[in-house]
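Engineer: Here is how the chains run, residue by residue.
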Amino acid sequence: MTSYTSIELMAAVASHQLEDGKIVGVGTGLPMIAGLLAQKTHAPNLIIFFEAGSIAPQVPTLPISVGDSRCAHKAVAATGLAGIMETGQRGMIDYAFLGGAEVDMYGNINSTVIGDHDSPKVRLPGSGGANDFGSLSWRTIIIARHDKAKLPEKVSFITTPGYIEGPGAREKAGLPKGTGPYKVITNLALMGFDEETCRMKLISVHPGVTVDQVKENTGFDLIIPEDVSISSAPTEEELSALRQIDPDGIIIGK
Amino acid sequence: MTSYTSIELMAAVASHQLEDGKIVGVGTGLPMIAGLLAQKTHAPNLIIFFEAGSIAPQVPTLPISVGDSRCAHKAVAATGLAGIMETGQRGMIDYAFLGGAEVDMYGNINSTVIGDHDSPKVRLPGSGGANDFGSLSWRTIIIARHDKAKLPEKVSFITTPGYIEGPGAREKAGLPKGTGPYKVITNLALMGFDEETCRMKLISVHPGVTVDQVKENTGFDLIIPEDVSISSAPTEEELSALRQIDPDGIIIGK
Amino acid sequence: MLRKGQGELLSSCTVDEIRDWNRKHKLRGLVDKVTTVSSAVEKYVKDGTYLAIGGFGHIRISMPLIYEIVRQRVKHLRVSGHTAVHDLDVLIAGDCVDAVDVAYAFAYETRGLSKNGRRAVESGRIKCVEWTNASLSWRIKAAAMGLPFLPARNLLGSDTFEYSAAKEMECPFTGQKLVALPALMPDVSIIHVHYADKYGNCSIRGTTVKDDDLAKASKRVIVTAERIVPDTFFRDNPERTTIPYFCVDAVIEAPHGSHPGNMPHEYYFDESHIRGYLKAGANEGSLQEYLDKWVYSVKDFDEYLDLVGSKKLKELRQLEELR
Amino acid sequence: MLRKGQGELLSSCTVDEIRDWNRKHKLRGLVDKVTTVSSAVEKYVKDGTYLAIGGFGHIRISMPLIYEIVRQRVKHLRVSGHTAVHDLDVLIAGDCVDAVDVAYAFAYETRGLSKNGRRAVESGRIKCVEWTNASLSWRIKAAAMGLPFLPARNLLGSDTFEYSAAKEMECPFTGQKLVALPALMPDVSIIHVHYADKYGNCSIRGTTVKDDDLAKASKRVIVTAERIVPDTFFRDNPERTTIPYFCVDAVIEAPHGSHPGNMPHEYYFDESHIRGYLKAGANEGSLQEYLDKWVYSVKDFDEYLDLVGSKKLKELRQLEELR
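Chains as they are written, first to last, in our numbering: chain W, 1 to 254; chain U, 1 to 254; chain B, 1 to 323; chain E, 1 to 323.
These are calculated hints, taken from the structure and not from any lab test. Remember, it's a predicted structure, so these values are computed and weren't measured experimentally. One thing to keep in mind: the hints can contain errors.
Below, in silico cross-link-like pairs of lysine-lysine (DSS-like), each with a Cα-Cα straight-line distance of 30 Å or less [claimed, not checked]: (1) W:Lys148 x W:Lys215; (2) W:Lys22 x W:Lys40; (3) B:Lys115 x U:Lys177; (4) B:Lys4 x E:Lys115; (5) E:Lys46 x E:Lys75; (6) E:Lys167 x W:Lys172; (7) E:Lys127 x E:Lys115; (8) B:Lys127 x U:Lys154; (9) E:Lys279 x E:Lys312; (10) W:Lys177 x W:Lys154; (11) U:Lys154 x B:Lys4; (12) E:Lys177 x W:Lys154; (13) B:Lys167 x E:Lys177; (14) U:Lys150 x B:Lys4; (15) U:Lys22 x E:Lys24; (16) U:Lys150 x B:Lys115; (17) E:Lys299 x E:Lys279.
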């Protein structure tokens, strides 16, 4: 059996959510890796947008920032933050691929602050482009660590709205119709959202993980359907592509 | 005595209204000629904007359109209509230099229609960039032919607002403070606007023209101050510059 | 009391409609979009289409597409007339147009008014809604930004406002009066550019007028290009991409494509052709003769260029280069 | 009921003020604006200035100006933090900053959080108002367009909105709920570019982030450039002018000016320098040692580059060119 790390597995599972011939806006870190992996495997015509303004680049080696020169390498167009987010605002970005410190049962994301906003316990970076991508793209894919603290019933601060308080809440708030969280990928499982209740539901557990383990490590009542499958392990092809993308193991580990 | 045409005189008088080191947005025809003449005489660092998007060009020969390649020749920047008008909207355009089919006592300009809008006697081109330049620039300079029909008490259609109905009307309408018509140059005279009433007033009559002639050819009660002067005739230097700008006499005549 | 213009909104889709349109109909991948003028017009330009044209009325206009629209006898177009000149006038001559969002139209700048355009409006054949060049540019920019409207500070206090479809509004922060300009999303835009690749990336030299925003705002975009170049042209210098490929639905190579208009850095106006056209516009008979010769009797733009002649094309290039 | 964010508006001038400012203070003519880093900072960056920084936090940032602001011990800055990274962090280290309009700050992307930045916020030394990258970009664009606000469709339904100074509004045409973003007009912007001429025309390669709008939105703009070039560089290809000269108040030539940040097409990150800085940020003592060595003990950016060393600078260029 092939050996792989938890991060490699997450990257592979994440990459499977992306379709060929679609546009994805990716954030720093694992989302970037997953996008590049999809391009090298099942989605060669997947188009990546980076928020600083680069459109469809040919990323030559792992970038450090979503705005650095690697991310704009051989792009077909160079624009800016407004240019990217306006493209999203008019419905051209299919997938937003975001990370978050906390994600709740409605897919709301916190990346701003733990504790009181004005005298915080932990100050996090803030929205960056996450709120913009998450508000304006059709489908938001979220990557997070899986434990009770990171997946609470309610995030302490909604940096990027998911389904907010449930069905209809996004539309009522004024967000574009038909948008919202789509998938959540953690180190334990792949999850989606229940169409009726907008609550997070389990889709598959990663190889070697049990449904009970997932439940125990989730801070809210996760919907468990009858047909929970097992996430596909990364293939040899995917693992070798990952090592090409991040040869120094900066994100996927050594 | 130097001989010159009425158009040459108007171009020279118009050019005198422009200051060195300022920005002017010019319309097609005589305004363009007057701007180029100012650059070649007393205002070498006058900056010309053309509405199609060209900034500070070095116009090599008389353009046919404000958007043609002559108008963008050796410009320092090429942008578009929005780029030019947004620069005006934030208060960077000092002078707008416009023509008009009708101009009334408050400096309102009609270039849209004579007669009823929906079944017009004469359909004219419309605003183009005139309403934009005239609304957003600090000072508007207008060039028109001088007769009772072209200078009526009230224009039949306000394409570009002057002082509308008098003092305070621009501000009340929501137009930026401190803007409005500044000078009117016709084939008979140079006029300005009375600060208190916002009504057009005579400044100088062109050489050989009497104050009575001006009054007779004006469709409203023009304010005649005590100290009406005589407009300076174009100098030899100005006439030779005009012939360089328009060697074929397309606008200034043969 | 906040006023509103009494003009009709000639194009009515909302931002949510355009989001859905973009989701369903606009290709995202890098796909070869090279086609022909006739099939692009056949596919996208229907009777009643709301059409916008790139360039500046007689500068950088797509004449192959305009002639083909006339040749295919498309009717009832509504047209965005931000400095519309020869582009709109030829469509009016071909009786393709019912209504115009006018900023500047029916005239040829220093050459004066167009008898053909004036006749169409004064006879009531064409309906006019009034705007200004900046208003139309900002309406297009609103659509390009995915917004239902943009605020602005022009138009206020004018009859241009009264005969537009704009509204007054109050600023949520300062309380000051502003004009609200509704987003303009053309059904089809036709844009002539200097360089395009087969995917639709485009580069424009000189002023863009409003074509970067126009390509983003439109449901369908047909591009003609002086030259089709490899995509490395853009990938080597992504700063020069004026229009990104995913805005564009069809690409056609069309050298001299702006004739008799000016194409910056390529060729200047064919003044004798334009003056001949304007003279023909004096009455319907001579105008139809013009169209017979230059549009209906030629199969396509290549045949048209043969009629213009290589000598003339060379002269126009020399004129542009100030030789 | 339309909601409004409870955050403070850290910059408060209105569009009418900015129009008056632009009328009185911005030069229109083509005037030589070349100066030095120290005199530009002395002249324009005062205690309490609202500052915006071009580039992307650690990419294309003007380090000569940032170091000089620290060196001149400017205090009580309010800073626009759209993906603020090393630029803001060094200003915080120098105790120059009181408040931040945060979109992204106090962190170094894949390198993780900054202890220095976090400490400043968690101790209450720095006040945060929440925004997003697009919100700040659109606020800047509103000012660049001469508008008091721009509508948008982000921010809604989030706590980011609640802790911002944005407001909800209704679209005058569709009635739909939108967010209204107040214009942001920085007192001073500092922007590092690839090419500038002495008048202030600038060209940026790669992504512009928001610097074209930022230059237009700001009361004062100080530019550092990798190279000062003759104005023919722009006049020969006016398409490449990212920032027109009349936006700019001061121009300084500063090769390697983004070090230790990345400058696209010029040099990549000096990763060991940045990691050393982040390590020094663990406590105030080591952070002050860092500033002593790299900022206070050097006279200017030339001396700083000598400390970095030619060998390192060459390596960073090779790294950028993927050699």
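Engineer: If a hint holds in the structure, say so; if it does not, say that too.
Structural biologist: Going through the hints against the structure:
For the hint pairing W:Lys148 with W:Lys215, the CA-to-CA distance comes to about 9 Å; that is within 30 Å, so the pair holds. Our distance criterion of 30 Å between C-alpha atoms is met by W:Lys22 and W:Lys40, whose separation comes to about 15 Å. Among the hinted pairs, B:Lys115 with U:Lys177 is inconsistent with the structure: their alpha-carbon atoms are about 40 Å apart, more than 30 Å. A hinted pair counts as satisfied when its Cα atoms are at most 30 Å apart, and B:Lys4 with E:Lys115 does not qualify at roughly 55 Å.
Restraint check for E:Lys46 and E:Lys75: the C-alpha separation of about 8 Å stays at or below 30 Å, so the hint holds. For the proposed pair E:Lys167 and W:Lys172, the alpha carbon gap of about 16 Å is at most 30 Å, so the pair holds. Pair hint E:Lys127 plus E:Lys115 holds up; C-alpha atoms about 16 Å apart against a cutoff of 30 Å. For the hint pairing B:Lys127 with U:Lys154, the CA-to-CA distance comes to about 25 Å; that is within 30 Å, so the pair holds.
For the hint linking E:Lys279 to E:Lys312, the alpha-carbon distance of about 20 Å falls within 30 Å, and the restraint holds. A distance of roughly 23 Å separates the Cα atoms of W:Lys177 and W:Lys154; the hinted pair therefore holds under the 30 Å criterion. About 22 Å separates the Cα atoms of U:Lys154 and B:Lys4, which keeps this hinted pair within 30 Å; it holds. For the hint linking E:Lys177 to W:Lys154, the alpha-carbon distance of about 25 Å falls within 30 Å, and the restraint holds.
At most 30 Å may separate the alpha-carbon atoms for a hinted pair to count; B:Lys167 and E:Lys177 meet this at roughly 17 Å. Restraint check: the Cα-Cα separation between U:Lys150 and B:Lys4 comes to about 29 Å, which is no more than 30 Å; the hinted pair holds. Between U:Lys22 and E:Lys24 the alpha-carbon distance is near 11 Å, which keeps this suggested pair within the 30 Å criterion. The straight-line distance between the Cα atoms of U:Lys150 and B:Lys115 is roughly 21 Å, inside the 30 Å bound, and the hint therefore holds.
Using a Cα cut-off of 30 Å, the hinted pair E:Lys299 and E:Lys279 holds, with the two alpha carbons roughly 24 Å apart.
Violated hints for the displayed structure, listed by number in ascending order: 3, 4.
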